[in-house]
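Participant: Chains G and C supply the protein sequences, listed in that same order. Position 102, counted from 1, in the first sequence is what my numbering calls 125; the numbers after and before it change by one each time, with no gaps. Position 132, counted from 1, in the second sequence is what my numbering calls 140; the numbers after and before it change by one each time, with no gaps.
Honestly, I wouldn't trust all of these hints.
Just the calculated beta-carbon pair ranges, DEER-fashion [stated by the list, open to error]:
no.	chain 1	residue 1	chain 2	residue 2	range
1	C	R145	G	L533	35 to 43 angstroms
2	G	L503	C	D92	53 to 61 angstroms
3	C	D92	G	I356	26 to 34 angstroms
4	C	S36	G	S38	34 to 42 angstroms
5	G	A435	C	D92	31 to 39 angstroms
6	C	T121	G	R295	45 to 53 angstroms
7	C	G192	G	R425	20 to 28 angstroms
Calculated Cβ distances over 12 angstroms to all of chain C for the following chain G residues [to be verified]:
no.	residue
8	W353
9	W416
10	K553
Below are the SDA-like pairs computed for lysine to any residue, each with C-alpha atoms no more than 20 angstroms apart in a straight line [stated by the list, open to error]:
no.	chain 1	residue 1	chain 2	residue 2
11	G	K322	C	G146
12	G	K553	C	D79
13	G	K334	C	S144
14	G	K553	C	K124
15	G	K553	C	S19
16	G	K330	C	R148
17	G	K334	C	R136
18	G	K334	C	D79
19	G	K322	C	T68
20	C	K124	C	T68
21	G	K429	C	L138
22	G	K125	G	N228
23	G	K553	C	V81
24	G	K330	C	L138
25	G	K330	C	H141
26	G	K429	C	H114
27	C	K184	C	L138
28	C	K124	G	P343
29	G	K334	C	E134
I should point out that these hints are in silico values taken from the structure, not numbers from a laboratory. As the structure is a computational prediction, the values presented were derived from the model and not from experiment. Beta carbons are placed, not taken as given, at the ideal position from N, Cα and C, and that holds for glycine.
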Amino acid sequence: MNAVWFVRSRQINRSISWWLAITGYKTSDRSFSNRIYFVYLVIFFAIWGLTVLALVTSTVAEGLQAFDPARPVWLAAQITVVVFLAWWLWSLFEASRRSPIKFTEEDAALICATPAPRPAVAFAWLVSAWFTTGLLFWALAITLGFARAEIAVGGNPTWADAPFYLSAAGQLLLPVILLHLGMLAVVWAFGCLRLNGYHSQGSLNRYPLALGFIFTAGLVFGGFEGIFFQSMAWPASAPVLSGSGLANYLPGNLAGLAWAGLGMGALYLASRRLNLSRAAQETSLSGRLQAASILGDQKLAASIHLKQRLKSGSRPFPLPGRPGALALSWKQILQSVRAFGAGALYNWSIVFALSLAVLLAPNWGVRGVAALFWIAQLHARLTQSLRLDLDQWPLFQALPIRSSYKLLAEIAPPGVLAVLVGWAGIAIASLLAPGINLWGAALLLPLVIFDLACGAAWDVFRQARAELLLAGMAPSPSFLSLVLSGLILILFLLPFIFFNAGLEAVLVALLWGGGACYLLFSLASRSMRKLGK
Amino acid sequence: MTPALEARQLSRYYDRYAALAETSFAISANEIVVLTGPNGAGKSTLLLCLSSLLLPTSGTIQVGGYDLYNDEVEAKKRLAFVPDVPRYYSELTAWEHLQFLALAYHADQGFETRAKEILGDLNLWEARDLYPHNYSRGMRLKLGLALALIHPFQVLLLDEPTSALDPQAVAYVKDKLRDLRAQGAAILLSSHDPAIVQEMHARHWHMDRGILELDA
Chain G
24 MNAVWFVRSR
34 QINRSISWWL
44 AITGYKTSDR
54 SFSNRIYFVY
64 LVIFFAIWGL
74 TVLALVTSTV
84 AEGLQAFDPA
94 RPVWLAAQIT
104 VVVFLAWWLW
114 SLFEASRRSP
124 IKFTEEDAAL
134 ICATPAPRPA
144 VAFAWLVSAW
154 FTTGLLFWAL
164 AITLGFARAE
174 IAVGGNPTWA
184 DAPFYLSAAG
194 QLLLPVILLH
204 LGMLAVVWAF
214 GCLRLNGYHS
224 QGSLNRYPLA
234 LGFIFTAGLV
244 FGGFEGIFFQ
254 SMAWPASAPV
264 LSGSGLANYL
274 PGNLAGLAWA
284 GLGMGALYLA
294 SRRLNLSRAA
304 QETSLSGRLQ
314 AASILGDQKL
324 AASIHLKQRL
334 KSGSRPFPLP
344 GRPGALALSW
354 KQILQSVRAF
364 GAGALYNWSI
374 VFALSLAVLL
384 APNWGVRGVA
394 ALFWIAQLHA
404 RLTQSLRLDL
414 DQWPLFQALP
424 IRSSYKLLAE
434 IAPPGVLAVL
444 VGWAGIAIAS
454 LLAPGINLWG
464 AALLLPLVIF
474 DLACGAAWDV
484 FRQARAELLL
494 AGMAPSPSFL
504 SLVLSGLILI
514 LFLLPFIFFN
524 AGLEAVLVAL
534 LWGGGACYLL
544 FSLASRSMRK
554 LGK
Chain C
9 MTPALEARQL
19 SRYYDRYAAL
29 AETSFAISAN
39 EIVVLTGPNG
49 AGKSTLLLCL
59 SSLLLPTSGT
69 IQVGGYDLYN
79 DEVEAKKRLA
89 FVPDVPRYYS
99 ELTAWEHLQF
109 LALAYHADQG
119 FETRAKEILG
129 DLNLWEARDL
139 YPHNYSRGMR
149 LKLGLALALI
159 HPFQVLLLDE
169 PTSALDPQAV
179 AYVKDKLRDL
189 RAQGAAILLS
199 SHDPAIVQEM
209 HARHWHMDRG
219 ILELDA
């Protein structure tokens, strides 16, 4: 076994072990019962997967027959071809900008620094990429194979039809596997070509763009049946059409085999001068990002993503700052401007959608569930700035600013934004359901938000330990703050039960909410002063 | 005369483990104290307690006569701390970090001149508009020093400030510490380099297994 495959096979093993651990299977356990459990897992997931695909099949078959009652299988084959081509062109475009072979930082230090044969590295990495990118296509092939069988049996399958279903799926699966492998190998060869030696073939991205333009134009002007699209897409459509029973099976499979053979030959030739160091430079950060996302470490993923976006540096922020506690506000504006992106918009749009759901829910059960999600989202948004500052604990704690001012500076800006988003939700809800009187809710909203923010901040301080803060790991609001906020909301609603929805109820809720604000803010700022346990 | 830094019956325990056994001491203005000891002796724990990053299990800390927890604002105005592994905001450049701290400490008068001088002395001027996450370890430590020096203080705490610096920067740090002492600052730094005690004409404290031996 060569050194490259020795390392890669262990990485693949570790990755498989991680996924198996989620299902409760331990790869290190050699006991008989554990092996039996593994067999059970394989059978369970095989049946589960096939059942899910079979369930999807009915909908797919009905959809295909609705769009093209005369030739539903032909339509399915054309859609498969278009999906393949779209994925392939996008992958080619990506490979013209960044190495398709992704290395971790450990790979960069170990594999990429050795004189290992480059084609061996490329093929060792191709194995796992082929599997992870192929799963979707294989599932698509099985679904369309099932759909073809379902259409053939007239939509009323029996157990006796199972072999026919399986053979139809297998018939399409084989050429799809070959075609996908060949296309992926071509993408990798294209990426390797760009990373030959020191020279950067920056102009390579023109080719996938041009091909994409030609295919799109062919589709738009001629449709699936247009001679232009059919002749251009023939190398990809031949294996798919044969697997769908629309062309001779052997020539189609030979075309798939040709794809796989030519693709791997091209990869071998292109990877002989592949510069592994440059590939690692381009991908080690995105590798970390991918690992953090898979492991659910959203904070690390967001931090890596932000650093990727910010690049190396920036000119000084033009907004003049003010001394004292207002310096914190200046810093927050700067951070918000630099970190602003689609992610932030998406997060606040979720808060908006959930506030609408709370206001327009048809009953109190649905409203309660929506309110819990709304609180959880608000907690994350209201304490985001605070947690970012706690991550920089030595800098933040050293500031000669009173704890209560620091706390106010942290929760006030997101709090104001939350109130504005909530008011927008109330305005929209009033338009959608004119019968509902929401002026009381609009009046109380700032107090509710402030109470929730103080409660969530106190919960963060309660969990914070000096060791974690020094390592830049500020805690998130826990389940306790969710319960606390739920209770606060219920107490806001109590006056409305006792006094109906009149002015008295709003006044009592305002008094209660104001008192709760004072108590929770005092509690949170006192906890902040005693941080560092 | 009020000591610049005074700790009374200070201790820090992790359950029963004494990371810092009870101790009392004072450091006056115009004084440098070098704290030595093996890894895990408790040097960083002591510095973290003195800089309010770690809550002591017992005892009080006064900076310039102000209690670090009861008069936190006045005490922190007089204190600067350079950790051994500084952490920075991802969104702020080195220059903006300096600007932020100068504003927070009400030290914005003459900020640009001071910042330019400090960054120039530490060879960071050319890299002032870079984000610190792109810095090398030594550059990050230098920026930590710059952040401490950008605002006025009476007490300076440094956790192994020369561990990752180039010889030129080490020489600058030593000269700067002597200057700061001459200007009235009280300085406590931890180091694994025993020669620094002689070079700085400093008091020498030694720590081992959480026990602080004054004037070793």
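Participant: Hint by hint, note whether the structure agrees.
Facilitator: Results for each hint:
At about 54 angstroms, the CB distance of R145 (chain C) to L533 (chain G) disagrees with the hint of 35 to 43 angstroms. At roughly 34 angstroms, the beta-carbon separation of L503 (chain G) and D92 (chain C) lies outside the given 53 to 61 angstroms, and the hint is violated. Between D92 (chain C) and I356 (chain G) the Cβ separation comes to about 31 angstroms, which falls inside the hinted range of 26 to 34 angstroms. For the pair S36 (chain C) and S38 (chain G), the beta carbons lie near 60 angstroms from each other, so the given range of 34 to 42 angstroms is not met.
Checked against the given bound of 31 to 39 angstroms, the beta carbons of A435 (chain G) and D92 (chain C), roughly 34 angstroms apart, stay inside it. At roughly 58 angstroms, the beta carbons of T121 (chain C) and R295 (chain G) sit outside the given window of 45 to 53 angstroms. Checking the proposed 20 to 28 angstroms range against G192 (chain C) and R425 (chain G) shows it holds: the Cβ atoms sit about 27 angstroms from each other. With a cut of 12 angstroms on Cβ distances, W353 (chain G) falls inside the contact zone with chain C, its closest approach being about 7 angstroms.
For W416 (chain G), the requirement that its beta carbon stay farther than 12 angstroms from each beta carbon of chain C is not met, with the minimum near 6 angstroms. Once the 12 angstroms rule is applied to beta carbons, K553 (chain G) is inconsistent with being away from chain C; the minimum gap is 6 angstroms. For the given pair, K322 (chain G) sits about 26 angstroms from G146 (chain C) by alpha-carbon distance, which is inconsistent with the 20 angstroms threshold. Between K553 (chain G) and D79 (chain C) the alpha-carbon distance is near 13 angstroms, which keeps this suggested pair within the 20 angstroms criterion.
With a C-alpha separation of about 16 angstroms, the suggested pairing of K334 (chain G) with S144 (chain C) holds against the 20 angstroms cut-off. Restraint check for K553 (chain G) and K124 (chain C): not satisfied, since their Cα atoms lie roughly 36 angstroms apart, outside the 20 angstroms limit. The straight-line distance between the Cα atoms of K553 (chain G) and S19 (chain C) is roughly 16 angstroms, inside the 20 angstroms bound, and the hint therefore holds. For the proposed pair K330 (chain G) and R148 (chain C), the alpha carbon gap of about 16 angstroms is at most 20 angstroms, so the pair holds.
Distance restraint check for K334 (chain G) and R136 (chain C): the Cα-Cα separation of roughly 15 angstroms lies within the 20 angstroms cut-off, and the hinted pair is therefore satisfied. Of the supplied pair hints, the one linking K334 (chain G) and D79 (chain C) is violated, its CA atoms being roughly 41 angstroms apart against a limit of 20 angstroms. Note on K322 (chain G) and T68 (chain C): the hinted pairing is violated, with a Cα-Cα distance of about 36 angstroms set against a maximum of 20 angstroms. For the suggested pair K124 (chain C) and T68 (chain C), the alpha carbons sit about 37 angstroms apart, so the restraint of at most 20 angstroms is broken.
Taken as a hint, the K429 (chain G) and L138 (chain C) pair is broken in the structure, with Cα atoms around 27 angstroms apart against an allowance of 20 angstroms. For the suggested pair K125 (chain G) and N228 (chain G), the alpha carbons sit about 19 angstroms apart, so the restraint of at most 20 angstroms is met. Simply put, K553 (chain G) and V81 (chain C) have alpha-carbon atoms about 14 angstroms apart, close enough for the 20 angstroms limit, and the pair holds. Simply put, K330 (chain G) and L138 (chain C) have alpha-carbon atoms about 12 angstroms apart, close enough for the 20 angstroms limit, and the pair holds.
Between the alpha carbons of K330 (chain G) and H141 (chain C) the distance comes to roughly 8 angstroms, so the proposed pair stays at or under 20 angstroms and holds. Taken as a hint, the K429 (chain G) and H114 (chain C) pair is honoured in the structure, with Cα atoms around 15 angstroms apart against an allowance of 20 angstroms. Under the criterion of a C-alpha separation no larger than 20 angstroms, the hint pairing K184 (chain C) with L138 (chain C) is inconsistent with the structure, at around 25 angstroms. The straight-line distance between the Cα atoms of K124 (chain C) and P343 (chain G) is roughly 18 angstroms, inside the 20 angstroms bound, and the hint therefore holds.
For a cut-off of 20 angstroms, the pair hint linking K334 (chain G) to E134 (chain C) stands: about 17 angstroms separates their Cα positions.
Consistency note: the structure conflicts with the earlier hints numbered 1, 2, 4, 6, 8, 9, 10, 11, 14, 18, 19, 20, 21 and 27.
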